[in-house]
Amino acid sequence: MKSDITIKMARCKGCGICVAFCPREVLALDELGKVKVVNGEACIACGQCELRCPDYAIFVDKLSDGGTAKEAAQ
Amino acid sequence: MERSYEKYFRQNRLPHLWCPGCGNGIAMKAIVQAIEKKGLSQDNTVIVSGIGCSSRASGYMDFDTLHTAHGRAIPFATGIKLANPDLNVVVITGDGDCTAIGGNHFIHGCRRNVDLTVVLFNNKIYGMTGGQASPMTPLGKKATTAPYGSIDRPFDACKLAIAAGATYVARSTAYHEQHLVDMIANGFDNKGFSFIEALVQCPTAYGRKNKMGSPANMLKWMRDNAVMQAAWEKLPDDKKQGEKFPIGLFYSATATDYTTAYDAVIERAGGAGK
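Line by line, the protein sequences give chains A and B. Take the first sequence: its letters are residues 1 to 74, numbered as in the working numbering. Take the second sequence: its letters are residues 1001 to 1274, numbered as in the working numbering.
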């Protein structure tokens, strides 16, 4: 994983802006209509979802080492 | 990772009450990012708002805040600025609040060149009260009070501000979030009346009435129709038709701000025991 996606579920209202602007189809709305990560591997950490989330519910951080340290720690 | 701008929000008040997909949240984030960018102190910045969807923003922002009477945010803000000119005073208002109910306060705030930064969240409709047409509802667009489309010619709030004497006038949109941050941040630098119109989507009232689709589609409408001011000026008139509109900095000028002028009066009148 090249990125770390944080979702504050209590803030998400399921407007779908993040899903629509994601260029890699990383995100989708779940059965309850809230955002979920469906293809985290494809995330390029462009931050389009975070930029226009009106509810400050999703945050993307680029992992500088390509995620190896994080994965190793898990 | 926690974002640094989160410290400017009253965390126990979030999530905010705006509808799913409402652009006000994006504009509110742009304001706090601009405040952070310019390093304005949380203790020395006051947020003043009027009434309406937009004006609920003051309740979520961790500054000294004032949620005032409908249309009257600018007079309250003027009072705050005159009482303590060291404060940074930011006004959050909406299209109805600013150009209808507070229309006179708006033009006279501009005329006096009070050192305020006024951010107008323009959703083109009265969202909170049920989708009535506002003075900024475009011609032909539907609202609950204009079921056949509005026949009232809309205000261009930026042109109004320029004509009334504001010394910094800019427009951006929720789609152009980072540009909006820049427009607001540059407004803080101007010592005088700074006016920034932030176009925001109202998917519940305006969008639904006008069949604009999802909140994301409304943002894409902004992307497709907003033209940067430099490109707009070069555009032939026939290309300026339809729904295209300019964004960017429209006007900036230097003029004596109201506090400075008022200080001079106090001085001439023998001081105020300073």
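No lab work stands behind these hints: they were computed from the structure. Ideal Cβ positions, reconstructed from N, Cα and C, are used throughout, including at glycine. Among the hints, a few may not be true.
[As the list claims (entries may be wrong)] Derived lysine-lysine pairs resembling DSBU-like cross-links, with alpha carbons at most 30 angstroms apart:
1) B/K1209 <-> A/K34
2) A/K34 <-> B/K1211
3) B/K1037 <-> A/K2
4) A/K34 <-> B/K1038
5) A/K8 <-> B/K1038
6) B/K1037 <-> A/K8
7) A/K62 <-> B/K1211
8) B/K1007 <-> A/K62
9) B/K1220 <-> A/K34
10) A/K2 <-> B/K1209
[As the list claims (entries may be wrong)] Computed far set for chain A versus chain B, every beta-carbon distance over 12 angstroms:
11) K2
12) D4
13) R24
14) D30
15) E31
16) V37
17) N39
18) A42
19) I44
[To be verified] Listed next, the stretches of chain A that the computed footprint assigns to chain B, with coverage defined by at least 3 CB atoms under 8 angstroms from CB atoms of chain B:
20) 6 to 13
21) 16 to 22
22) 47 to 60
Status of the hints after comparison with the structure:
no. : hint              : verdict
1   : B/K1209 <-> A/K34 : holds, 25 angstroms
2   : A/K34 <-> B/K1211 : holds, 23 angstroms
3   : B/K1037 <-> A/K2  : holds, 28 angstroms
4   : A/K34 <-> B/K1038 : violated, 34 angstroms
5   : A/K8 <-> B/K1038  : holds, 27 angstroms
6   : B/K1037 <-> A/K8  : holds, 24 angstroms
7   : A/K62 <-> B/K1211 : violated, 37 angstroms
8   : B/K1007 <-> A/K62 : holds, 22 angstroms
9   : B/K1220 <-> A/K34 : holds, 21 angstroms
10  : A/K2 <-> B/K1209  : violated, 41 angstroms
11  : K2                : holds, 15 angstroms
12  : D4                : violated, 8 angstroms
13  : R24               : holds, 16 angstroms
14  : D30               : holds, 15 angstroms
15  : E31               : holds, 16 angstroms
16  : V37               : holds, 16 angstroms
17  : N39               : holds, 18 angstroms
18  : A42               : holds, 19 angstroms
19  : I44               : holds, 18 angstroms
20  : 6 to 13           : holds (count 4)
21  : 16 to 22          : holds (count 5)
22  : 47 to 60          : holds (count 8)
Of the hints listed earlier, those the structure fails to meet are numbers 4, 7, 10, 12, in rising order.
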